[in-house]
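Listed in order, the protein sequences are those of chains A and B. Residue 195 is where the first sequence ends in the numbering used here, and the numbering goes up by one at each step. Residue 354 is where the second sequence ends in the numbering used here, and the numbering goes up by one at each step.
Everything labelled a hint here was simulated from the structure, so no lab data went into it. In this text, all values refer to a predicted model and were calculated from it rather than measured experimentally. Careful, some of the hints might be misleading.
As the list claims (entries may be wrong) - In the BS3-like style, the derived pairs of lysine-lysine whose C-alpha atoms are separated by at most 25 Å in a straight line are:
| hint | chain 1 | residue 1 | chain 2 | residue 2 |
| --- | --- | --- | --- | --- |
| 1 | A | 11 | B | 345 |
| 2 | A | 76 | B | 110 |
| 3 | A | 74 | A | 11 |
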Amino acid sequence: MPRYGMVIDLKRCYGCYACVMACKVKNYSPPGVFWARILKGERGSFPNTVRQALPVLCMHCENPSCQEVCPTGATQTLDNGIVIVEKDKCMGCGACIMACPYGARYSVEEWESYFPEGLELSPYEEFAKKAWEEKRGIGVATKCDFCRDRLDTDSEPACVEACPANARTFGDMDDPESEVSILIRRHRGSVLNPELGNEPKVYYLEPR
Amino acid sequence: MDPKVEGQIQTEWRWLIAIYLFLGGVGGGAYTIAAINSFLGEALEPSTIVGLWISFPALIIGSLCLLADLGQPTKAVLAGMKPGTSWIARGFWIISIFMVVAMIHTWLALFGNAGESLLRIVAVVGVIFAVSTMGYTGILLGASKGITFWRSGAVPIVFVISAIVTGHFAIMMGLVLLNTPEALEALRPMAAEAAALVVLEVLAIVFFLQMASRHPDPRESVERLLSNKTFVIGYVLGGLVTPLVLMLLLYREMVGTDAGTILAMSGLGAALGLMGGLILRWGVLRFGALPTLNVAGFEFRRVARPKEPKPEIGLLPPQ
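I would like the entire structure built from these sequences, with the hints used as guidance.
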């Protein structure tokens, strides 16, 4: 059984938001929900400053704090390392949203339109709303699941496929010969806020 | 970190959770005081009876607030499934057992003919669960790794002390409403206890905010909390300073000793103290800032972006 993880090369990412849009289109997420998102950060002090884009998604941690606080057992780690929310077990208490230091979880009270007030949902939105309600649910915690339905058909997650700069690599972290393992080893991949002890399975390669 | 730009704060837990934490504290605090009185053989004192009367309804109403806040309230029965790791699940069991014990104690003390030894046993068991409930309301926040402001070990201390203070004020309010000669007699000594408890809460809150100010993310929470008018006026001035002054005036007999003055001062002080307890919890919840993310020497601060109103149909957004 593979143990999935992702490597994001910060040297390649220029913050184009293609991953954000691919995620939204694939998962029909409503306004305000960003399972894949981009943060902008900086380093140094004027005039020697560098600006950097940081793609953030669920880190599918080895020690997920969201799973620890979940009172119902709705948040689970699958054998392949993907952390999921079982919507039928989630009561929507929000504890996991508060426990995730990466802000990767969202709860939706209503699937609202992207368009101005007063307009009805467009046919695409109607479809998206129905798909969201059936698959993700209303009033429950939702998050990135590494597009696990695509993995069943040997496809990569939508954000990986959409990245025009090839900044994202997805694969089996238990296989020492996989591309993700090689990249992490060769470029000393690091994780976000390692001091928290969550042990994320999303690694970042330093920008030079 | 640019101090001019506000960081993002949590929006998931709002007023209903603040009320839940507040009423859990009031129930636990009022019961603890009543149970200690009962243990000391003062089972029929007005403050004991009022404390017992308050605790169970406070817990029930608080739990209903939690239920109303859930995204899927019909699945609330699943809340106790993972007590091994989840503080919400532990809280579910702690509060459920506490409610049953509080109900049994109230029934035995007021309507049953239970002996003193049985009441004492029930009181000891009840106090264990009451203190656990008060502590749980703080530990629940401390277990949230995503909000560094709440991670401080001082949060449960503040919440336990505030729970006892609000429980005490709730009993005083009950005595004011009872308005009997015995209740009136109990109010003055209770004012002295209330003043001492408020001083303890002031020390605890200063310690908590001082601890939180040591790191950048929780420091932002502290700064925003202390610059919020509702918190400063409602909690610091209204919920701590004013009740403290009123209780001291009442105890030192620096105002009239007629029944009307005692009732008015006690009622006002208790009401303000209770309001302060609620605003404290609201403020601590409201200003929980999300942590700054860092990797490879870069800091990525999540910046607050107020939700912009949707444009009206036919109008282009302003350039």
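Going through the earlier hints one by one, which of them does the structure break, listed in rising order?
No numbers; nothing is violated.
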